[in-house]
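Chemist: Listed below are the residues making up each chain.
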Amino acid sequence: MGDGVMLIALLVATLRAGAPLILAGIGELVVERAGVLNLGVEGMMLVGAVVGFAATIGSGSPWIGLLAAAAGGAAMAGVFAVLTLGLRANQVASGLALTIFGVGFSALFGAPYQSHPIPGLATVIFPDLASASPLVQQVLLLDPLVWLALAAPFVVQRFLMRSRAGLVLRAVGESAEVAHAFGYKVIRIRLAATLFGGAMAGLGGASLSLAYTPMWTENMVAGRGWIALALVVFSTWKPHFVTLGALLFGFVTIAGFQANAWGIPVAPNLLATLPYLATILVLVLISRDRLRLKLNAPASLGKPFHPA
Amino acid sequence: MRLERRAAASGLMGVLAPVLAVLAAALGAALLFAVMGKDPVACLHTLFVAPLADATGLSELALKATPLLLCAIGIAVGVQANVWNIGAEGQFTMGAIGGGAVGLWLGPEGGWFVLPLVLLAGVLGGMGWAAIAAWLRTRFNAHEILVTLMLSYVAVQILGWLVRGPLQDPEGFNFPQSRQFEPAATLPLLFEGGRVTIAALFALAAVPAGALLLGRTLIGYRIRVVGLAPGAARYAGFSETSAVWFCLLLSGGLAGLAGVSEVAGPIGQLLPTISPGYGFAAIIVAFLGRLRPVGMLLAALLMALLYLGGEALQITQQLPLAATGVIQGMLLLFLLGADVLVLYRIRIGGRAHG
Numbered sequence: 224m225g226d227g228v229m230l231i232a233l234l235v236a237t238l239r240a241g242a243p244l245i246l247a248g249i250g251e252l253v254v255e256r257a258g259v260l261n262l263g264v265e266g267m268m269l270v271g272a273v274v275g276f277a278a279t280i281g282s283g284s285p286w287i288g289l290l291a292a293a294a295g296g297a298a299m300a301g302v303f304a305v306l307t308l309g310l311r312a313n314q315v316a317s318g319l320a321l322t323i324f325g326v327g328f329s330a331l332f333g334a335p336y337q338s339h340p341i342p343g344l345a346t347v348i349f350p351d352l353a354s355a356s357p358l359v360q361q362v363l364l365l366d367p368l369v370w371l372a373l374a375a376p377f378v379v380q381r382f383l384m385r386s387r388a389g390l391v392l393r394a395v396g397e398s399a400e401v402a403h404a405f406g407y408k409v410i411r412i413r414l415a416a417t418l419f420g421g422a423m424a425g426l427g428g429a430s431l432s433l434a435y436t437p438m439w440t441e442n443m444v445a446g447r448g449w450i451a452l453a454l455v456v457f458s459t460w461k462p463h464f465v466t467l468g469a470l471l472f473g474f475v476t477i478a479g480f481q482a483n484a485w486g487i488p489v490a491p492n493l494l495a496t497l498p499y500l501a502t503i504l505v506l507v508l509i510s511r512d513r514l515r516l517k518l519n520a521p522a523s524l525g526k527p528f529h530p531a
Numbered sequence: 003m004r005l006e007r008r009a010a011a012s013g014l015m016g017v018l019a020p021v022l023a024v025l026a027a028a029l030g031a032a033l034l035f036a037v038m039g040k041d042p043v044a045c046l047h048t049l050f051v052a053p054l055a056d057a058t059g060l061s062e063l064a065l066k067a068t069p070l071l072l073c074a075i076g077i078a079v080g081v082q083a084n085v086w087n088i089g090a091e092g093q094f095t096m097g098a099i100g101g102g103a104v105g106l107w108l109g110p111e112g113g114w115f116v117l118p119l120v121l122l123a124g125v126l127g128g129m130g131w132a133a134i135a136a137w138l139r140t141r142f143n144a145h146e147i148l149v150t151l152m153l154s155y156v157a158v159q160i161l162g163w164l165v166r167g168p169l170q171d172p173e174g175f176n177f178p179q180s181r182q183f184e185p186a187a188t189l190p191l192l193f194e195g196g197r198v199t200i201a202a203l204f205a206l207a208a209v210p211a212g213a214l215l216l217g218r219t220l221i222g223y224r225i226r227v228v229g230l231a232p233g234a235a236r237y238a239g240f241s242e243t244s245a246v247w248f249c250l251l252l253s254g255g256l257a258g259l260a261g262v263s264e265v266a267g268p269i270g271q272l273l274p275t276i277s278p279g280y281g282f283a284a285i286i287v288a289f290l291g292r293l294r295p296v297g298m299l300l301a302a303l304l305m306a307l308l309y310l311g312g313e314a315l316q317i318t319q320q321l322p323l324a325a326t327g328v329i330q331g332m333l334l335l336f337l338l339g340a341d342v343l344v345l346y347r348i349r350i351g352g353r354a355h356g
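Just so you know, the protein sequences line up as chains X and D, in that order. The first sequence begins at 224 in my numbering and counts up by one. The second sequence begins at 3 in my numbering and counts up by one.
It is possible that part of the hints are untrue.
[Claimed, not checked] Among the chain X residues that face chain D by a calculated CB cut under 7 Å, a handful are:
hint, residue
1, Ser-317
2, Val-326
3, Asn-492
4, Thr-502
[As the list claims (entries may be wrong)] Per label pair, the in silico range of CB-to-CB distance:
hint, chain 1, residue 1, chain 2, residue 2, range
5, X, Trp-485, D, Leu-25, 50 to 60 Å
6, D, Leu-22, X, Pro-527, 17 to 27 Å
7, X, Val-378, D, Thr-58, 57 to 67 Å
8, X, Glu-400, D, Gly-239, 23 to 33 Å
9, D, Ser-241, X, Trp-286, 53 to 63 Å
Worth flagging that the hints you see were computed from the coordinates, not collected in a lab. It should be emphasised that the depicted structure is a prediction, and the values quoted were computed from it without experimental measurement. A virtual CB, placed ideally from N, CA and C, is assigned to each residue, including glycine.
Work the whole structure out from these sequences, hints included.
Modeler: Written as structure tokens, this is what we have:
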């Protein structure tokens with residue numbers, strides 16, 4: 224492979240590693256913009272990954288798998304919504320509970336599928352992938368989920384900033400009381416945002432189990448749900464910065480994989496810590512500016528709203 | 003159906019909600035077993051009753067409840083100050099590494115001082131790991147939920163590296179494991195024939211100590227004020243910074259003690275995996291026990307029972323071990339749902355007045 228193809232391969236690998244983070248992160252960004260803090264992203268991604276995988280094997284179609292993954296993530300978000308919006312439970316505790324449940328459920332549901340490789344999404348779409356030239360091969364590896372991940376921030380940015388519905392959603396996130404006084408259905412809007420976030424997290428999980436790996440292994444999301452949550456903070460709730468952060472993480476992950484090939488003699492276990500350490504680093508860099516964080520965060524974030 | 007706010011939180015419901023949640027989770031578990039084609043009654047018996055039938059079972063129960071209780075008490079103190087230490091798993095791991103490294107380094111020679119040093123290193127390992135989160139939170143405003151969690155993933159990888167690298171057993175046929183600890187660096191058993199060590203006594207001692215700390219000391223009072231009314235706490239001059247430091251160091255130290263007690267106890271060496279998720283399950287214990295030490299003692303025993311019963315289900319009913327995780331998750335979800343009854347009354351029909 225020439226240097227040019229190598230560079231493109233690195234770029235493609237970065238995009239593919241970043242896509243799950245963008246999908247889940249953009250979903251959570253919309254949820255948080257509506258004033259809801261759902262810490263269950265990791266659990267929703269795991270359920271999306273395993274449900275999508277099982278549905279793909281069962282139906283033979285990855286498209287049905289993707290639908291199932293989105294539905295699975297949304298169903299998990301529905302549980303969160305029942306607890307926090309319906310029964311007024313603490314959002315932080317409920318999100319943690321959702322993740323704990325998702326870890327267990329996905330491990331149980333996925334036990335029969337453990338370590339059973341399937342053709343990746345790119346191979347399903349382009350069966351001749353293996354025989355294509357190296358350059359074409361790299362470009363074709365960019366499966367529809369990567370394109371969706373690259374497009375989603377633009378769509379969400381436009382929705383939030385240029386549409387009436389987006390304006391209402393932001394109003395609910397800034398001040399639920401005022402939005403309620405104006406006659407908007409705060410709970411219904413928050414429910415819709417939460418379900419959307421769940422569906423996106425489900426797709427993020429499926430992009431791991433159907434395209435990136437592609438197989439199901441227990442706990443395969445490996446903290447990416449939490450990294451996605453950190454990315455939303457890093458982005459100061461602006462969609463395009465989620466993409467930027469996710470690609471940075473994609474690159475760090477790939478660099479970790481490649482380090483030994485590049486002749487950097489560091490133990491694999493230590494290289495595997497890089498994305499987590501990078502998360503802490505960006506979190507520190509962005510959070511130290513308290514004022515900036517406060518000005519950009521949705522003012523009602525994490526605060527429950529109970530209409531009288 | 004609608005919710006009507008109670009004039010004051012219901013003490014009765016505060017006690018009843020966990021009981022309701024346990025019953026609902028048992029019902030959910032029965033449903034799960036039925037869906038998986040097993041006899042629900044037999045499975046429930048295996049899960050909740052069979053492990054308690056003999057002395058071995060009771061001793062294993064105490065063994066598993068010990069780390070859960072130690073981690074949960076630390077987490078619960080933090081939650082009262084609105085400090086969320088979700089990374090007890092990582093502090094547990096660093097405690098095991100700290101104590102394990104000292105034990106291995108001291109080697110065969112030694113005396114009475116070896117074990118205290120090992121335990122101290124374990125506590126300091128957990129504290130040190132939590133201190134990173136405390137520093138980043140107080141100095142840079144980085145949220146401790148994400149930092150403690152990320153550090154958990156890092157700690158597990160560090161352990162994985164150590165048992166394949168610097169601390170690997172040279173005579174271990176290249177298995178990822180350390181040498182066995184010397185008897186001098188191992189916790190004494192509570193009684194012959196079981197696997198429970200004196201660490202169970204540390205956990206038991208932490209119950210009255212935790213109750214005393216929260217209920218009868220100034221620092222405990224400050225913690226609760228910082229959690230309930232941050233504005234009032236600031237006005238009264240109670241520093242949030244010191245509350246964050248105190249809570250994270252305390253919970254990190256307790257989790258570290260739990261970690262070192264596992265490796266210098268039933269496990270006896272460092273392995274890549276030393277915890278079946280005790281640090282995360284302890285979050286459930288903390289909530290199920292209502293953040294009160296005595297409640298958490300009961301909750302830790304129940305969670306330990308779920309671990310034991312889960313293992314028994316795997317052996318006798320061929321159910322995946324992951325079923326335990328699902329039941330644990332359901333338990334916490336149901337508890338958070340049932341908690342609505344503490345602050346609200348459910349009214350059926352009629353309209354809200356006013």
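Chemist: Flag every earlier hint the structure violates by its number, smallest first.
Modeler: Failing hints: none at all.
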